[in-house]
Amino acid sequence: MVLEKVIASLDRLDAGARMHRMIADLYPICRSITGDGFRQSLQSLREQIPVEVHEVPTGTQVFDWTIPKEWNIRDAWVKNARGEKVIDFARSNLHVVNYSVPVRRKMPLAELREHLHTLPDRPDWIPYRTSYYKETWGFCLAHNQLANLPDGDYEVCIDSRLEDGALTYGAYYLAGRRRDEVLFSCHACHPSLCNDNLSGMALAAELARLLSDADLEYSYRFLFIPGAIGSITWLARNEDQAANICHGLVVACVGDAGKFHYKRSRRGDAEIDRAVVHALRHRGHDFEVRDFSPYGYDERQYCSPGFNLAVGSLTRTPHGTFPQYHTSADNLDFVTPEALAGSLAAYLSVIGILENNGRYLNLNPKCEPQLGKRGLYRALGGFADAGQLELAMLWVLNLSDGEHSLLEIAEQAGLAFHLIHQAAQALVDAHLLCLMNTADGSKGGNES
Amino acid sequence: MVLEKVIASLDRLDAGARMHRMIADLYPICRSITGDGFRQSLQSLREQIPVEVHEVPTGTQVFDWTIPKEWNIRDAWVKNARGEKVIDFARSNLHVVNYSVPVRRKMPLAELREHLHTLPDRPDWIPYRTSYYKETWGFCLAHNQLANLPDGDYEVCIDSRLEDGALTYGAYYLAGRRRDEVLFSCHACHPSLCNDNLSGMALAAELARLLSDADLEYSYRFLFIPGAIGSITWLARNEDQAANICHGLVVACVGDAGKFHYKRSRRGDAEIDRAVVHALRHRGHDFEVRDFSPYGYDERQYCSPGFNLAVGSLTRTPHGTFPQYHTSADNLDFVTPEALAGSLAAYLSVIGILENNGRYLNLNPKCEPQLGKRGLYRALGGFADAGQLELAMLWVLNLSDGEHSLLEIAEQAGLAFHLIHQAAQALVDAHLLCLMNTADGSKGGNES
Amino acid sequence: MVLEKVIASLDRLDAGARMHRMIADLYPICRSITGDGFRQSLQSLREQIPVEVHEVPTGTQVFDWTIPKEWNIRDAWVKNARGEKVIDFARSNLHVVNYSVPVRRKMPLAELREHLHTLPDRPDWIPYRTSYYKETWGFCLAHNQLANLPDGDYEVCIDSRLEDGALTYGAYYLAGRRRDEVLFSCHACHPSLCNDNLSGMALAAELARLLSDADLEYSYRFLFIPGAIGSITWLARNEDQAANICHGLVVACVGDAGKFHYKRSRRGDAEIDRAVVHALRHRGHDFEVRDFSPYGYDERQYCSPGFNLAVGSLTRTPHGTFPQYHTSADNLDFVTPEALAGSLAAYLSVIGILENNGRYLNLNPKCEPQLGKRGLYRALGGFADAGQLELAMLWVLNLSDGEHSLLEIAEQAGLAFHLIHQAAQALVDAHLLCLMNTADGSKGGNES
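Just so you know, the sequences run in chain order A, B and C. No gaps in the numbering here: position 377 of the first sequence is 377 in this note's numbering, and each next residue is one more. No gaps in the numbering here: position 99 of the second sequence is 99 in this note's numbering, and each next residue is one more. No gaps in the numbering here: position 98 of the third sequence is 98 in this note's numbering, and each next residue is one more.
The hints are simulated quantities; they were obtained by calculation from the structure and are not laboratory data. Any given hint could be a false lead.
As the list claims (entries may be wrong) - In silico BS3-like links for lysine-lysine, alpha-carbon gap of 25 Å or less: (1) B:Lys134 <-> A:Lys366; (2) B:Lys366 <-> C:Lys69; (3) C:Lys134 <-> A:Lys134; (4) B:Lys366 <-> C:Lys134; (5) A:Lys69 <-> C:Lys366; (6) A:Lys366 <-> B:Lys366; (7) B:Lys373 <-> C:Lys134; (8) A:Lys69 <-> C:Lys373; (9) A:Lys373 <-> B:Lys69; (10) B:Lys79 <-> A:Lys373.
So that you can see chain A by itself, here it is in the shape it has in the complex (with noise of 0.2 Å):
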């Protein structure tokens, strides 16, 4: 089916249902950058995508890194003098240190506390804690219940195992006609987090699901990695397909109902960067654009000195911003069906984008053609404007001289990207102007 035909036959309230329940699917498995909670969720997206499951054993050396011991939990919890668990696993799992090292043994609060974080200035919620790369143990929770904590001895017992196994991910890929590739890429390792990060890997599940049934130019990457790690293991283990990844973004944070925000790739202008911006600009709704930098989701990787590619961020509320980031408040309600609806929107917007940014060929360059004679100009004249397809194909007709992309024709004239593309078909048809094509005889992209 042709892509725009998905977009408008697309039920958006479906579909922000859709990644909702995915979502609350998610919600209670207990991730980590390996073990058995990521298995167990790329299984639960396998019920949208057949995504393909990759293992990759501990000790393989992935650049500077190591893929670490698999960690898998059954259970834990602090009980007190009386035998009661004051802090339980069952309940959220949140409360364990990621990655703990089993532990079970008496010690008195003095002792325990060095083991337990809190956020004081949110004494209500559980926060978010990992220690992948350093062997400790450790229990969170509310700062008021440890408040409430008495003196005197808790039994503590991590019931988990910390052993050879492997890193986990998954990836789903669509062949287009272009061996050239555009990349979503979520993190996929986090525990009960919802918009950071099941948000995420749901959209990007609905966005998988939605392509594969549409007619397309580029093939598509869909990664459910780890953090950091997943990413470096992906790029280490396929260096070569890495260059065939024309444009990027990593799918994160994407259920709030914070405006967007859009994070640049490291090169700053590279077509992605100007198909996002024009994608929301156009949508009407006010949104942020940020600069670059290195600190964030796996953009670190992808845009590292060494690879370098063409892969920017598209969120809501960004990390580390919100205060529910990182917290036990980060729950199903926090994110809703329709700002997940709207995110899948606007990720649409950017594919029918990218698409459909051809340059093209003005086959009449030598002052205008004469619209009318073909049914495109009205032909009573006088009047003080034109209207707007016969606008936006004059700007096609002016710049369509090999230079301009058809994004950079709607960014110069200030119109929306469908239209600049609708105009394109129109004299297309009217033989006017011509698709120039690039080397592999597929339509002719911004970047060669």
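Dock chains B and C against the given chain A, drawing on the hints supplied.
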């Protein structure tokens, strides 16, 4: 005569009155893109300057277009049941849709209505409508007048002819020392409409008359053409000539009291663009600069990608943005001698820059030369700042490294071009500076 | 000693007091562009640093200029009819127009007036006037004093000599590891004027003294010269040397309490321009940056098109923009130890940037290296942001692709240079980064 003298000896009151008189003479004539009204208008201009008249036969192919049939009209009216003329071409030539085919018959108001055009928002004004490329007929009238027409039968007469003939245009060429040309183009096809564009015709004619007395560096070409089809025709028949056009302006809407608007050429930063902006900035009045867009006047054709000439458009209130535009209210009261004279002065400033915008070479580039011993710098030292001319000389010396034209120096210095030019002359006289020559031995322009 | 230690061990109170004392010592001397006052001033500076004294004979041709006669003055006064000195050089050397020819005669007030200079707007201040290149004589005095002079005859005496001699200037050269030079140039020709420019002389001398103790990458050249003719002379006699100047600052007006002003070099975005702006930005105080203009101090000569050196000027309130400029009010009260010390600190910050602004290469450019295993990254994860030094390391790694100097990285990161430099050092120590070498084996600067 040196251009500066021509400019200095200009009597603005006189010039303004002369241009307004030209407009008044042309106002009653019913012009169209072809026909005797256009020819008669050129004859009227020939009282000022020896415009050369060109005729291009109907059916001639000009790029994608074909010269249409010639249109002429003798009379037109609508009579009511009592035989009274309720619409009368003799009272305003705007009453007839321009290029209406002949018609003579009776019809009820209901049928006639489909051929009547009004402006409901401006109920007292007659709109201007055309139908050059689709054969139809119609009348334009005040909306209030239409409201008062009683039902019943009306007799309709348009005594026009649409026959093989010719498209007429006027051209006036002034040879300067260089073959490089400056183009002034104005559309001359509008009937009783003063600002758009009898004002442009009058200003171009007055400018041509003044420059005829001047000793000129560039050659100057003035075109009086029907809109769109006229510039297309000229370009199609003069492709070789067009290559000589280095700078150009489309002259229109120069008679109203509004502030200046400059629409950049498609190139955006051509010398003409910078010259006009500089000239306007140093007039000390508010003005506005707009980027090129492919809608507007004949710059659409000059700036089509196959030509991409450095042609902008210097107007007062731009087309389509004043309510009187293309209505009977764009009349002799809407344009004033003062506004016309001010526009002429602005055009002359631009010409003054183009004519003198050479690139010079500092013959003493290592440290400043000693201006004082040449009488170019005051003897007593210690003051807080230099005089304006001294400062201008320092700027010219510092930037005359072969990379900067005088206009670029003026822009960087924030000084008026005429002061920078005066400084350059003084330094040339003192043998501290020399003009860089272009390949053809003439004054070095900004673009070669 | 490492430069950072020199800077860290600086006692600002001490340095400020020392510079103010230098100014106080120099204040009474009557300097001019030649003569014994200039020589005596250099002797005074030699108490701080071993300035080399150069003498260039009268009549020597230096580019377009000729070394003038040497001017010396013993005494000067105007006596009234009662033989009382009403104007007395002994009370202020500003009273005599600098370079006045000798005169000894009686004349009525009306005739004398033509030789008297005052400031009607500042009636209590004595102006500073010069006449280097036209032989004349004159006195400067407070306007109020002139108003009170009764008519009658006056006896005038200027006991000066204008004879063949020499132009004197001082130079101090500090050799660093590279032949590439940083220039600090100050004019030293003004008589009793503190901010313009005894402050510049004192700061340059103090800076030279401090750098003498430091282990330096660049070589440093300090010039104490008469304004205009001095830099012209130095450049004419040292054209080869001048080619080694990579960065430079004209030092003047650094003792008043105003905010910093930086005047860019003619190049506009040279490394010195970016270094100064960065240093000022990260001081946390308001400052102003101005583009180059060919009026001002000796940057006029260093930035003449035949040299076009990367020389800017870092001042507090610029010349000509404070009312005390070139008047007797630019005295010892107008400059303060605190302002001088603050200026010195700003100059040292700039030097700290230039000395350390290498280009480095990320030795692990594919994905981030694992900083944690090297103790460079905190073990516990999940926090909303990284520490400042961690962030600085990520920036250095991301942008050390051979295209960016540390200063460019600091600018892009919005972090202080010293933090970026500290991060680079840590990464070099961890073998994750290496300095790129320039052709001459030294630290890679920004321009080659």
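Q.
Would the hint linking Lys373 (chain B) and Lys134 (chain C) be met if the CA-CA limit is 25 Å?
A. holds, 9 Å
Q. Straight-line Cα separation of Lys134 (chain B) and Lys366 (chain A) no greater than 25 Å?
A. Since the Cα atoms of Lys134 (chain B) and Lys366 (chain A) sit roughly 23 Å apart, the hinted pair holds (cutoff 25 Å).
Q.
Given the hinted pair Lys79 (chain B) and Lys373 (chain A), is their Cα-Cα distance within 25 Å?
A. The hint is violated at about 34 Å.
Q: Would you check the hint for Lys366 (chain A) and Lys366 (chain B), treating anything up to 25 Å between C-alpha atoms as holding?
A: violated, 49 Å
Q: Given the hint that Lys366 (chain B) pairs with Lys134 (chain C), test it: the Cα-Cα distance must not exceed 25 Å.
A: holds, 23 Å
Q) Regarding the pair Lys366 (chain B) and Lys69 (chain C), is the alpha-carbon distance no greater than 25 Å? A) With a Cα-Cα distance of about 23 Å, the restraint between Lys366 (chain B) and Lys69 (chain C) holds, given a limit of 25 Å.
Q) Is the hinted pair Lys373 (chain A) and Lys69 (chain B) satisfied, with a Cα-Cα distance of at most 25 Å? A) Holds: Lys373 (chain A) and Lys69 (chain B) sit about 15 Å apart, inside 25 Å.
Q) Holds or violated: are the alpha carbons of Lys69 (chain A) and Lys373 (chain C) at most 25 Å from each other? A) holds, 15 Å
Q.
Check whether the Cα positions of Lys69 (chain A) and Lys366 (chain C) lie no farther apart than 25 Å.
A. Within the cut-off at roughly 23 Å; holds.
Q) Has the given pair, Lys134 (chain C) with Lys134 (chain A), been kept, meaning a C-alpha gap of at most 25 Å? A) Violated, at roughly 81 Å.
In terms of the numbered hints stated before, the structure departs from hints 3, 6, 10, listed from lowest to highest.
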